[in-house]
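Engineer: As they're listed, the protein sequences go chains A and W. Residue numbering for the first sequence follows this note's numbering, starting at 119 and increasing by one per position. Residue numbering for the second sequence follows this note's numbering, starting at 73 and increasing by one per position.
Hints are computed from structural coordinates only; laboratory data are not their basis. Since this is a predicted model, take the numbers as computed values, not measurements. Glycine included, every Cβ here is placed at the ideal spot set by N, Cα and C. Take these hints with a grain of salt, some might be off.
Said to hold, decoys possible - Per the computed footprint, the stretches of chain A lying under chain W, defined by three or more beta-carbons under 8 Å from a beta-carbon of chain W, are:
1. 128-134
2. 190-200
3. 217-231
4. 239-246
Said to hold, decoys possible - Simulated crosslink set (EDC-like; lysine to aspartate or glutamate; CA at most 16 Å straight-line):
5. K705/W - E229/A
6. K705/W - D224/A
7. K631/W - D553/W
This is what each chain is made of:
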Amino acid sequence: MSEPPRARIATASLAGCFGCHMAILDMDERLIELTKLVEIDRSPLTDIKSFTRRADIGIIEGGCCNEENVHVLRDFRRNCDVLIALGQCAIMGGLPAMRNAIMHSDEPLRECLEEAFISGRNIRNTTHNIPNDPALPLLLDEVYACSEVVEIDYQIPGCAPSGDIIFDTLSRLLTGRFRGFGRDMIKFD
Amino acid sequence: MVADAPNGNDITRTGFDPGAEWFAALHEEPNGIDSLTLQTHTSETAAVAEICGGFDNDPHRMLDILRQVQERYCWISPQAMRVIADLTGLTPIAVEGVASFYSFLSLSLRGRVTIRLCDDIIDRFSGLGAITEAFETGLGIKVGGTSANGAFSLEFTPCIGLCDQAPAAMVGDVVLTALTPQKASRIAEALKAGQSPEDLVSQRFGDLSPHERAERMVENNIRHAGAVLLGPVAADAGLRNGLDLSPPQIIDTVEASGLRGCGGAGFTTGRKWRMAATEQAERRFVICNADEGEPGTFKDRVLLTERPHLLIEGMTIAARAVGASQGIVYLRGEYVYLRDHIEAVLADRRARGLLGKAILGADGFDFDIRLQMGAGAYICGEEGALISSCEGLPGEPKTRPPYPVTRGYLGFPTVVNNAETFCHAARILDRGARWFSAMGCQGSHGTKLFSVSGDCLNPGIYELPYGQTVQELLEMAGAEDAAAVLVGGPSGTMIGRDTFHRRLCFDDLATGGAVVVFSHRRNILEIVEYYMSFFVHESCGYCTPCRVGNVFLQKAIGKFRDGKANPGDIDYLRDLSSTIIETSRCGLGMTSPNPILSTLENFPLVYSAMVKPTRDRIRDTFDIQSAIDGARKLARRRSHIFDRDFTE
Ligand SMILES: Cc1cc2nc3c(=O)[nH]c(=O)nc-3n(C[C@H](O)[C@H](O)[C@H](O)COP(=O)(O)O)c2cc1C
Ligand code: SF4
Ligand code: SF4
Ligand code: FES
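Next comes chain W alone, as it looks inside the complex (with noise of 0.2 Å):
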């Protein structure tokens, strides 16, 4: 077993109970510990005191301590807690907290690789029952376990923006897609003949580039190219033009162009920058939102893939707009296999002048980025969290104001924006406000990236002009037999075929780009059920309405399924659904009920059918029978009231 860890003398990841371990670790007392113990321990010790002075100590660089700690030992140790607690200055607790936090950071020890299996519905949909089975077959564990000889671990995971694709798998670093159970066999056959992740990608991984590398992996289902994003594009023209061009004539440009927030909620981006330029500071910062949490969203994986360097120049721009030095890419812990891609762009760009000191030769204009992991948390895709996340606490919304355009990260005025903004704001300086503004429709400017996936022909990304219908979009993606429409994610709206002709733009219909196709064999309360365990999962657990009312929803949601559902449970789901988005301090709060709320509405008949009735006002719901089985078993006799064929 010893040798079989990945370096030898690090025995404490296995067979130790980390609860025990914890104690002893605060009680200790050197002659209580044997001396192997000791020794490994002072071999982890200087490890992971070496990734912390990798990173000067900072405390605000807690995640990415805490993931090359959970990448080197496969867990945090306590005794790696207490160890990163007395370089940074904090409390175990409080590194506790983090790594806790955190779904790719464990407190338990996890297999070498780890293999993560989107979960989500449209997976579910698509065969992922067959291809788990050939997991643990083929591994020999469960999802949730362990092997025994420590080298995988099998989980699922909420969406990992391979929907288009499905179903998908993170295994290590590199992601898989369109699995099928064969795949899944033969992929845990050469990870158990000790097979490299990477090796399942590529045998000449290691030659290929970074690009190549995540060509090679993930399509990129391009399926209707644009005018702004994913036509031809100009490299660096806008840049070129912001330099010509005074701070706020580049807010001036981009808010006469309409361009609106394409993360979701849809703020008018040069407004936000406004704000962040005259707001009295020292510094400021400017951070792409690259979570991309949404389950269905799958649109800034392709600008990271091919218009990588149309981002970073538009976060460029932001920069200079609102007189910010540094900036940060949050990108999502799903999309690692990214990371050398993105590093390798920001790299050339350092090499070309156009990251750095004096970009462009412009005196002053100086501006860096340096790229943040997320570690699986859909909530780090709210922008408070983003920041909570960035500065090494774990990933929990801000109460809001002040605004991160106020105080955001470290507490300087910061823009978020999501990917696609930015790449909207880097064509908008080269091709003028004008030219976009005139794209789209009455309030909603310009084109939008539609993500489409579930039951139709040509799953993959739509750039369109906003404003199209829903009808127009589904005829494009080879939707014939849709029946339910899901538009922005589970935060977003589900619609039925009556409302097909509604529009894609923020009047009508708004959305970060999701769109989940369902044709008419798919159970709408199964759909529902499972969006809801996701923000059941999702949630931080701050606000108790969120963290306990999406259980009740839930809860709710599988009575109905089970044909348990009284006529009053109607009016149980809209007031619990109410009290949650009232009472809740973000985002994932306030929308975690749509799921139920927009099928109450569009999908009416889905929950009445389930209803039972209740006669003389007694219940028919409960049923009398199954509550006594197990009794009448135990006690192995029968009911004198229930029984009707009882005899003493």
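Looking at chain A on its own, in the form it has when it is part of the complex (with noise of 0.2 Å):
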């Protein structure tokens, strides 16, 4: 008897902490039950770096503050059939949109990075310089939530997010079982 075909899922961190995908390893055991249902492709997880075909399900860390990290979730959502923003920083912006709160200044850009690596009160940096090598993505004017770069299907709050309620989300995603998360799910307190 043949195995049916298992899911592929494909991740991608962008800019996040990796804490999410850390959190997917929370799901403990039970990875053990998901890997029964999915084979994963494109992921940190299995260091592969481009799709080789396409995938069910995409699941992305972090929200977009370089032109790669959109140059990816675009690939994602071209490559994916549901695309799931996981974590804080994937549905909005997260810790690192706080330098979108640098309002009042002509060239917030300039003066985020200045004081992160020049003036900063603790920053001992030698060189008196921004990094620009050339390898370096170009950061974007702000951070953006992955929803305003391209539609998303499905997102699973926290920071990070449960291994529980990944779990949760995606045996029932995957068994179309899906209605939307419990009240205890998405409970903080």
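Combine the two chains into a complex, taking the hints into account.
Structural biologist: Here is the structure:
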């Protein structure tokens, strides 16, 4: 008897801290259960860098703070049937979006970088330069939520979301039983 | 600089960082402060103490105290707040809570004359931009600024109730209307040359009666007088009739007339009075709501100018009906130019035995009224907030129930009615319930004042029986090319041409009186965005959905205007609106999404035309080129992903 085809999942970390990917591992032994249903394609977990085929589900951690994030996110949208924003950074920009709060400046990006690399109180940067290696992707004017750049199908809240809510959502999506989050899943205090 | 200050020894007014002084005040060590500062503090302390004393150090009169301190010192200094707190028995932070709430009070130094330009959408459409420029150039300051010599501050303010003669402005305590850039420049010159705001109105300002002054400043623009309010009115006939009736009979008459509140909500006035009258209590109060803050509404202004006796007569009748011995007229801060006029009317009525002890000789019928000035807060028109404000608190609505009729001012049963409602009540007592209820239509009896402004030939006041169609009113007002009409102000309904047959009454288009006309030249989304910014500005901030949600709504409309809206954003507007409506505590939050909801319903194409579809589920509204442009310049290199011509 042949096994049913497994769903293909791809993941990416954009402007995030990798905490959401760690949270995927928080599913613990349920990961074994899950791998019976899925195979993981492009992902930092597999170190596959580009899509080999179309994926059923794409999972995005982090919002967009640079051009590469935008590029990857668009690539995910083109290659995934269902796209999930995982965690607050992906949903709203999260912590990186704190730089969006620099509003009363003509050049908020410059101000942000100067404080981060030159003038900040605890900075010890002997070169007094802002890093500008040609390999570095250009930063965006602001940090954008994923849903501002592409259409997002589902959002899993939390910073980081619990292993429980990730498992619950994925397993229900895979079996066509997802009907939104239970109250206990999204109650944080 | 010091010599320029209104009283020479008041140097704390200049060049002081209020934050630093606040800190110093908290940690005051006598020998740590130089003697000059100490001296000024002492004189300010004495003056502020005198002001407090004038109100018996009563914390309930906080707004009056702060208004006077502001008037004298052009700000409420930390030092002043401390003195006030000491004398009224409150904490400094409680005093600061009040002082920071009202836009006419300031915690930093303002100029001796503040010029407030109405920046409502009506004024913007009638040339506010050029007028602002003329003031800015003439006074040498930007909006939001204060001149270096402390003479002037220039500010924007929401609707000041002069919409029929826009653009309009307050200059100190006077108002100026129908401004042009030339007029604005002349005003700026005159002020700089040392003329007082009053001089701008008339060189003989002091010789004019308060009523003459009001007439000199503001046109009444009564375009159509109806049978009840603006036609001939017999002086105090209603009050005299009321004396022959028992209080329950008065209430029966008012109830039988079908009179409903004219402030917007339309509660049956007779029932309101009965509820207050039957509540067990030692004292009761009658309050006239003359806050008239709904943009586009200016009918109470005309009543206060031309029918103040009728208004006070109505309040006196209400007092007899419910058994109140004290009343308050809450006059919006923007109408300070009418203050002396109303005070004169009150004094005249006291002198003639129409207010005070044993009114018209009726034993035990004692009633007097004080005038409470507001200080620039739309929310204070909401009856709970209005009561808070009269009690000397920040103008925050109260949780309901209890309603004011059971627990209102100082916890006693209180009747709050709109100014127009009281005027109607007095006329009903004069002419009878049947006379009144025969006018108008089913469910909406009598007449109503409509204040029409915007794109029409004859802006002004129309007193019409309830039930006329919008079209009929527009024809009278000469609004031939009306494309959209906002009935009831921003918290009301915006309708389009295809529904101009709708009727002005409680069962169809309810309105507190505002009817704002927009021609086809106007941009609906610009109008909506302005009104959302109005609610953002005026939210008292208590409920998160109102405080934050309205900001999000305003931003979302901005996205539509910029052509950056996604198809899903229309649902977003609806969802967020219903959340705000369902979860807000008072009428402001419950109606603030109306500009959006009513235009979504009546002008759907305006929205759908601005929505950009997505391709391949990738949003066109996100523009990568503009997003990386800043970084391109900073890094002095091009994008290897998004610049096609990129070569290593
Ligand atoms: C935000 C807000 C502002 C209001 N502003 C006014 C106002 O300026 N004048 C007024 O008479 N009623 C205003 N109201 C309605 C009052 O709360 C109250 O219903 C009214 O004064 C009752 O008087 P009436 O029954 O005679 O209309 C406002 C309500 C809200 C929610
Ligand atoms: S949501 Fe929290 S855990 Fe996830 S990437 Fe952002 S900061 Fe890290
Ligand atoms: S709804 Fe808005 S204005 Fe009303 S109480 Fe709440 S925050 Fe204040
Ligand atoms: S006074 Fe300017 S709009 Fe009402």
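Engineer: For each hint, tell me whether it holds in the structure or not.
Structural biologist: We went through each hint and held it up to the structure:
no.	hint	in the structure
1	128-134	violated (count 0)
2	190-200	holds (count 3)
3	217-231	holds (count 4)
4	239-246	violated (count 0)
5	K705/W - E229/A	holds, 14 Å
6	K705/W - D224/A	holds, 14 Å
7	K631/W - D553/W	violated, 28 Å
This entry does not satisfy hints 1, 4, 7, going by the numbered hints stated previously.
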